[in-house]
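> In case you want the letters, here they are:
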Amino acid sequence: MQQTPCGLIYQLFTVCVGDDLLEIAKGTLSCLVLLAACSILMIIMLYAARKGRVPKIRKIPAVDAIDEAIGRATEMGRPVHYSTGTGDFYGYDAMVTIAGISVLGYVAKKIAQYNTPLIVTFMSPEVEPVVADVVKQAYLAAGRPDAFKPDMIRFISQRQFAYATGVIGILNREKVAANVMIGHFMGEAMIIAEAGYMAGAVQIGGTANTIQLPFFVAACDYTLISEEVYAAGAYLSKDPLQLGAVAGQDWARLVGVVLIGIGTILATLGVTWVADILKL
Amino acid sequence: MKIKLPLAITTIILVLMVADYFVKDPLLNPLVRDLTKAILIMTACAVGIGVIRLIKLNVDRITVRKTNRLESAITLIAFAAFVIVGAILGSGHPNYAYMFNTIIVPLDSTMFALSGFYMASAAYRAFRARSEEAFVLLLAGVVVMLGQAPVGEVLWSATPSLSQWIMDVPNTAGVRALIMGIAIGMLSLTIRMITGHEKGYLASGE
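Chain order of the listed sequences is L and A. For the record, in the first sequence the residue sitting at position 34 is 33 according to numbering that gives the first Met the number 0, with numbers rising by one throughout. For the record, in the second sequence the residue sitting at position 205 is 204 according to numbering that gives the first Met the number 0, with numbers rising by one throughout.
Check the hints yourself; a few may be wrong.
[To be verified] Derived lysine-lysine pairs resembling DSS-like cross-links, with alpha carbons at most 27 Å apart: (1) A/55 to L/174; (2) A/23 to L/237; (3) L/135 to L/237; (4) L/148 to A/55; (5) L/237 to L/50; (6) L/237 to A/36; (7) A/3 to L/135; (8) A/23 to A/36; (9) L/278 to A/3; (10) A/55 to A/65; (11) L/148 to L/174; (12) L/237 to A/3; (13) A/3 to A/36; (14) A/23 to L/135.
Don't read these hints as lab results, they were simulated from the structure.
Whole structure, please, built from the sequences with the hints as guidance.
So, in structure tokens, the structure goes:
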């Protein structure tokens, strides 16, 4: 390898980890380095929070609106519908499904305290035991285990549009006052969100699917955008350590922005080594 | 222990999955493949649980709660019909395919087609120029829509290229920023899970 920045990085890894692993890591090296750097940044912030340096994170209006939506449903004596979407626990949609379930725990606990009806729907059946357990424990934590009813947790169908149809039926028949949708959504996002609007529900949507996000923005009252979906659980928990990791997330994003800025300027000047390193 | 054991399992699996992406190892890669197969087996079991719950809910509605009995009866009859025909004739049989193609496919298409009308009504609300940002959105939306329709080119020959520019430059830049935020958000959630601070997905997270 010649003495270019890329060559130097390869040589560094040759010394550190040996030729075999170097060959294996080729093509994913820059990704691994960035992943490690961002992870270290987040862990530092997390442990700084443990030592009392609790970071302040910006307000997320869509998450703050959850209490307002539950309050409205309570006043009207009508149910809250919560959907974790079409995601499951494997594949690229697993993390956003987990993020949705984290928020569900908070929503269920609040609802249990106010004695408001709750309906939870999802498309993937493997989500069902986890969702049922999270809701049940939330009712227990709120001191109202008797208020938990198994039919709050509704598996409708594993087919996308059959699921959407079922949810539309629930929104209309049960006169839902608040509709919270946080998880992975596909083509049914618009159908469910617009049906919720027509049913007169306050709507909070959040997804990591960039294709469906504009539909939520158009149809919902509040929308969790991009990393807000993943930060929502930490934001609601008010756990300083989790907030530390969320603050680390902001720093990691700053690193990304700086890299993009430097790369853009250098590429405009005809210098491509930043881009070359990122291709490693 | 009730919390620590699931957290330990989560952490080990997460680290293995991440390592599998970066490292090609004769021991690690097959192990992760087997773990993925185990997930599929668990999924199959979960389908069973979901189906049992679905039947129980609808039977309860008919026999105990006596609400929405007609809808519940239709659900159970349709479910039974597909299970019986599928179990006796097999899911590859023409009769099963006929049922699927004449019931499920048209219903799916109908629902998907409805999204067009829903989009129109949502766009009407979103595109009202109540602020400067909403006005820009309205303008961009109109140009992109005209660019996709033949009438756009008739009205002004530059409309399709302007529409394409909006999609390729400002739209792509925005989407990439979202994707970057999503990736970092995912990483933050993973770190919280690995370090055992994110317990919301565990029932006893309190």
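> Decide, hint by hint, whether the structure agrees.
The hints, checked one at a time:
1. A/55 to L/174: 23 Å, holds
2. A/23 to L/237: 40 Å, violated
3. L/135 to L/237: 21 Å, holds
4. L/148 to A/55: Answer holds: residue 148 of chain L to residue 55 of chain A is near 13 Å, not above 27 Å.
5. L/237 to L/50: 16 Å, holds
6. L/237 to A/36: Outside the cut-off at roughly 37 Å; violated.
7. A/3 to L/135: Roughly 20 Å separates the two Cα atoms, so the pair holds.
8. A/23 to A/36: Holds, because 19 Å separates the two Cα atoms, which is no more than 27 Å.
9. L/278 to A/3: 39 Å, violated
10. A/55 to A/65: Holds, at about 13 Å.
11. L/148 to L/174: Judged against 27 Å, a Cα distance of about 19 Å means the pair holds.
12. L/237 to A/3: 21 Å, holds
13. A/3 to A/36: The hint holds at about 25 Å.
14. A/23 to L/135: Since the Cα atoms of residue 23 of chain A and residue 135 of chain L sit roughly 42 Å apart, the hinted pair is violated (cutoff 27 Å).
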